[in-house]
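Chemist: The lines below spell out each chain.
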Amino acid sequence: MGMSAYLCEGKFVLLREMTEGDAATVVNSRNQPEVARWLVQWAPLTVEQHLCWFRAHQQADALFVFDLPDGTPIGAGSLYGFDRLRTSAEWGRLWSIARTRYAFAMLEGCYLVHRLAFELLGVKRLYCATAAGNDPSLRLGPWLGYTQEGLRRQHRCTPDGYQDVVDFGLLVAEFAEKRHVMEQLLYKNKPLPIWTETALEFASSRRCP
Amino acid sequence: MSVRSEILDLFKQVAHDQDMRLGALSDELRLLDSGLDSLCFAILVSRLESVLGVDPFSETTDAPFPVTLGEFIRLYENAAQ
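Protein sequence lines correspond, in order, to chains A and B. The opening residue of the first sequence carries number 231 in this note's numbering; numbering runs sequentially from there. The opening residue of the second sequence carries number 1488 in this note's numbering; numbering runs sequentially from there.
Just so you know, these hints were derived from the structure itself, not from any lab. Some hints could be false.
Stated by the list, open to error - The list that follows gives simulated cross-link-like pairs (lysine to any residue, SDA-like), each with its CA atoms no further than 20 Å apart:
1. A/Lys420 to B/Val1532
2. A/Lys241 to B/Ser1533
3. A/Lys418 to B/Ser1545
4. A/Lys241 to B/Ser1545
5. A/Lys420 to B/Val1538
6. A/Lys420 to B/Leu1539
7. A/Lys418 to B/Val1541
Note that the structure is predicted; figures quoted are calculated from it, not measured.
Required output: the full structure, derived from the provided sequences and hints.
Modeler: Okay, here's the thing in structure tokens:
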């Protein structure tokens, strides 16, 4: 039997690495007005642009896609900007389709990426930045255990003007302390999803040598 | 307590707990305009499962997602029967 394509098969979502085959889905999703609004995107993204970006980033970054159990991709998130020892990284590039409909799937996808970062990659600190006014993202950070660490005023130049950016940080001990709240919402008292062989192989190829 | 009452009570409770401003609750209210975000809905659905013993979203994944509060309530009323 071959290895699973998935890093983890959760209750609501299947976590896997992004591939070139996801290009059309990523581009369509990122061009949705409610998604594009929060990205610094001056013109609609094209598949060619995305593929160029993807090929340049897929080795250094950890790019994930969240699939429903039937294989339909409904969102994505990434870890990137790893430091030299791969002990810290940025979390972001998050997008989802039909956020309310797939609320559990998106929350579980985000939770699994954080578990993977801390449990398998050995990351000690994650940080993320969210445009002020992007309320769903501002609320997601604290749910994942993040603490606000700063505010960058008029930091991002977007087609709609300058945006303030809120900085969040999360230490491995804080995630360990707060993850039970996420697990209670997602799994109640049922067993937690486990990592596949694919995940272990992925992690060993991404850790600091 | 009826399914409708449980749902309306929990809408208010989740909005309060999550510090969200809830719109006036009516059957015609669009869920996206209710004031609750996706995290709130996840919490709401989880609490409703505990109270009512059903999670219609895990049972009917192909069914259209309710657009209004009235449709949301009917989904639970049907699942609870």
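Chemist: Which earlier hints turn out false for this structure, listed by number in ascending order?
Modeler: none
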